[in-house]
Each structure stands twice: as C-alpha cells, then as structure tokens.
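Student: If you read the sequences in order, they're chains A and B. The numbering used here applies: residue 117 is where the first sequence begins, and numbers increase by one. The numbering used here applies: residue 6 is where the second sequence begins, and numbers increase by one.
No wet-lab data here; the hints were simulated from the structure. Treat the hints with care, as some may be off.
[To be verified] Sample of chain A residues facing chain B (criterion: CB under 7 angstroms; computed from the structure):
(1) Glu133
(2) Leu169
(3) Ile182
(4) Asp188
(5) Glu189
(6) Phe191
[As the list claims (entries may be wrong)] Here are the simulated DMTMM-like pairs of lysine to aspartate or glutamate, each with C-alpha atoms no more than 20 angstroms apart in a straight line:
(7) B/Lys179 with A/Glu189
(8) B/Lys179 with A/Asp201
(9) B/Lys185 with A/Asp124
(10) B/Lys93 with B/Asp133
(11) B/Lys176 with B/Asp133
(12) B/Lys176 with A/Glu171
(13) B/Lys179 with B/Asp97
(14) B/Lys176 with A/Asp124
(15) B/Lys176 with A/Glu179
(16) B/Lys185 with A/Asp157
(17) B/Lys73 with B/Asp8
(18) B/Lys179 with A/Glu168
(19) B/Lys185 with A/Glu120
(20) B/Lys185 with A/Glu138
(21) B/Lys176 with A/Glu133
(22) B/Lys185 with A/Glu155
(23) B/Lys176 with A/Asp157
(24) B/Lys179 with A/Glu121
(25) B/Lys179 with A/Glu133
(26) B/Lys93 with B/Glu123
(27) B/Lys179 with A/Asp285
(28) B/Lys176 with A/Glu151
(29) B/Lys185 with A/Glu151
(30) B/Lys73 with B/Glu13
(31) B/Lys176 with A/Glu155
(32) B/Lys176 with A/Glu189
(33) B/Lys179 with A/Glu151
(34) B/Lys176 with A/Asp161
(35) B/Lys179 with A/Asp161
(36) B/Lys176 with A/Asp188
(37) B/Lys179 with A/Asp157
[Said to hold, decoys possible] So these bits of chain B aren't anywhere near chain A, every CB distance computed over 10 angstroms:
(38) Gln20
(39) Met30
(40) Arg32
Model, not experiment: these values are computed from the prediction. For every residue, glycine included, the Cβ atom is placed at its ideal position computed from N, Cα and C.
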Amino acid sequence: MNCEETRDLLPLYAGGEVEANERLAVEAHLPLCSECSRELDQYRDARGRLGELREVPMAPGVEAEIWRNVRDELFPRRRRVRQLDWAVRYAAVLVIGLAAGYATVSWVGGKRSAPATARIPVPSPVGSIGGNDRIPGDAGLIGSGRERTWSFSGEPGHRSVLPRATLPDGTHYLPRAEALLTSTEREF
Amino acid sequence: MPDAQEVELIRRCQQGREEAFRDLMERYQRRTYWIANNLLNNYEAAQDVSQEAFLRVFRNLSRFDLQKNFYTWLYQIVVNLCIDRLRKLSRDRSVDLGEIGGVADESQGPPEVGENRELRRRVHSTLDQLPPKYKAILTLRDIQGFSCEEIAQIVGCTNATVRWRLHRARKLFKAIWDGKALEVGDDDGVGAV
Numbered sequence: 117m118n119c120e121e122t123r124d125l126l127p128l129y130a131g132g133e134v135e136a137n138e139r140l141a142v143e144a145h146l147p148l149c150s151e152c153s154r155e156l157d158q159y160r161d162a163r164g165r166l167g168e169l170r171e172v173p174m175a176p177g178v179e180a181e182i183w184r185n186v187r188d189e190l191f192p193r194r195r196r197v198r199q200l201d202w203a204v205r206y207a208a209v210l211v212i213g214l215a216a217g218y219a220t221v222s223w224v225g226g227k228r229s230a231p232a233t234a235r236i237p238v239p240s241p242v243g244s245i246g247g248n249d250r251i252p253g254d255a256g257l258i259g260s261g262r263e264r265t266w267s268f269s270g271e272p273g274h275r276s277v278l279p280r281a282t283l284p285d286g287t288h289y290l291p292r293a294e295a296l297l298t299s300t301e302r303e304f
Numbered sequence: 006m007p008d009a010q011e012v013e014l015i016r017r018c019q020q021g022r023e024e025a026f027r028d029l030m031e032r033y034q035r036r037t038y039w040i041a042n043n044l045l046n047n048y049e050a051a052q053d054v055s056q057e058a059f060l061r062v063f064r065n066l067s068r069f070d071l072q073k074n075f076y077t078w079l080y081q082i083v084v085n086l087c088i089d090r091l092r093k094l095s096r097d098r099s100v101d102l103g104e105i106g107g108v109a110d111e112s113q114g115p116p117e118v119g120e121n122r123e124l125r126r127r128v129h130s131t132l133d134q135l136p137p138k139y140k141a142i143l144t145l146r147d148i149q150g151f152s153c154e155e156i157a158q159i160v161g162c163t164n165a166t167v168r169w170r171l172h173r174a175r176k177l178f179k180a181i182w183d184g185k186a187l188e189v190g191d192d193d194g195v196g197a198v
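Could you build all of it, start to finish, from the sequences and the hints given here?
Tutor: Here it is in structure tokens:
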C-alpha cells in the first residue's frame, strides 16, 4: 500500500472503522512512513479533542426546568389542580369528622362528670327526720311502706329525688340533711 | 434489543402515566442535552431542542415499536431537530453551507478555565464550519461514541454511508483545523441526514 492509499484510510483507521484487511495494510505501511504516522497522530488528536466535548456541564436547575416545561405541556395544570382539590376535600371531611367526634365525646363526658352527691340548694323541709326515725304520731319507720318520693328542681338541669314520709293527715317529712350524706346516697 | 425494564417503562408511558415519563426522561435527558449542545453550540437552544424532542416522543409514543431501541429513535428526533435549526440559521444568515456556525453562547454555561476554554472554543468553531450532516456524524461518533450501526439507525442510512460520511467529516475537520481551504463538494451540500 502506498502513501496515497494509506492516507485515504487514515481518517477511518484512527477511529477503528476500517475492515480487517485494510487495517493490516495500514499497519504494514506506518512503520515505514513517518509522514503517514504523523498524519495518523493528527487524526487521533482531533478525535481526542472532540471526545472531550462529550459531557456538557449543565447549569444548575436546567434539568428541572426542562422537566417542568415538558410536564406543564403534556400534563396540564388543571388536572393537577383537580387532584389537589379532591385531596383538600377529603382532608376537610376528615378534619370535620374528627372535630365532631371530639366535641361529642367532650359533651357526653361533661354530663357525667358532676357527682350526684354535690350539695345543691334544697328548699326548706317541711319537717326533718332521720332515715331510721319513727314518724311522729306513728309507729312506722320511714322505710316501712310510708316512703314516698318527692322531687324538686334545684339548680337548672338538676333534679333531685328524696324519700319522704307522709302521715294520714297529710303532713310529710323529709330526711335530715345528714341522712342524705351517707354511703347509701344515690346518684341522680 | 431493549431491556425488559425499559420496555415496561415505555408501556406505562404509552398509558399516559406522568411518573413513568418522568423516569424515562431522567434516563435520557442529560445525553439528549449533550447531543443537542454539541450540534448547536448553544445552551439555550440545546434546552429548547431537548424539551421539543421529549414532547414529540410522548406525542408519538403510541406508534413506537417496542421491539426497537428507544434511544436511537429519541436521538434521531434530537439530531433532526438540530439540523433543522442549523439549516434555518444558515438561511436566516444567508451564509454558505461551508460557513454554518452555531451561536456560541458561553454566558449560560458553567465557567471554564483559560486554556481549556480556548481549546473548546476552537473545536466548536471548527465543527460549526462543517455541513450539518457531517457535523451530526462526527458528533455522534467522535463526541458521543455511538457505534456505526447505532449511527446508521439514528440518521436513517446504511452502515456504508455512515463510514463514508465519517471519512469525509474527519478529513474536513482536519483541513479546517489546519487552516487549509475548505473543499466542499456537491455531495456535501444540504440534504437528508
């Protein structure tokens, strides 16, 4: 192979794109010709310089911006807003439900919290007897069938029920205050 | 042959899944940008072409044959978009094909140091003087390292044509680099890539 034929193959030989027989012919000529060897080096240098351009540094944010622009074009905002809208609605229902539940629990708990044994204003008794006393003028004890209930309203929302004793003449007695405050107190 | 994971990803993209397309873009975004920048020598133009390429990909994904390599199709779109831009630039500037050049805009890229910067500038300047189809071949082979078979798929020609254009492109590049007169023949003119 002469210089002219070799130089014609050098551009492809430098990149490894020659056929096997062409490669052998070039490699046989190169040791004999410094001109062709120098030209080969120049082609290889050019390829080397071009190879350095491969990875182009991207300025910060460019990748994200490319994606954002593509996304906004292909997946319109209103679809994303619609999805966000449903998410907000679900969240609102959840919050309202939790708030309602909490309010209910608080209200029910509040009703039960006041002890029935709290002292409440009681109107003046028409009499005062103890739980085990005898009714004046009567042989029976309070608890012997003469017991009746007497209810009254004290504080708003509260209703108390007390046992009472009623004589045949209509007179009735209520327990003494201390009789109310025993271990057998009822909750109202 | 494409790998199974990518085939599945493309299928999901074909179903219109945003997250799947995001993943697909992540795989190829950087190299797409590199190729575009190599060809156009302009960061902003490279960004525009990258975006446009992915938009076209998504809009035509239903027609994509899953048996083929996705990246050769994507890069074909990128190269064609770049060549269209270079030709338009040539017409707008009313310059000869042999003097086609991109708009070097280094202000948007990261800073480079002295000698490297000068060398890159000279390499880009030399590349910019090549006809678009030779510039494309040289970019794909000597810059991006694709094989001749891959380049044939990307540019849509035979292996033999790729080798011939590569031969011509390297000779032209060396001649310009050495400061010799550029000999652009009839068959070096604008034509299909």
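Student: Report the numbers of all earlier hints that the structure fails to satisfy, in ascending order.
Tutor: 4, 7, 8, 12, 13, 15, 20, 26, 27, 32, 36 and 39
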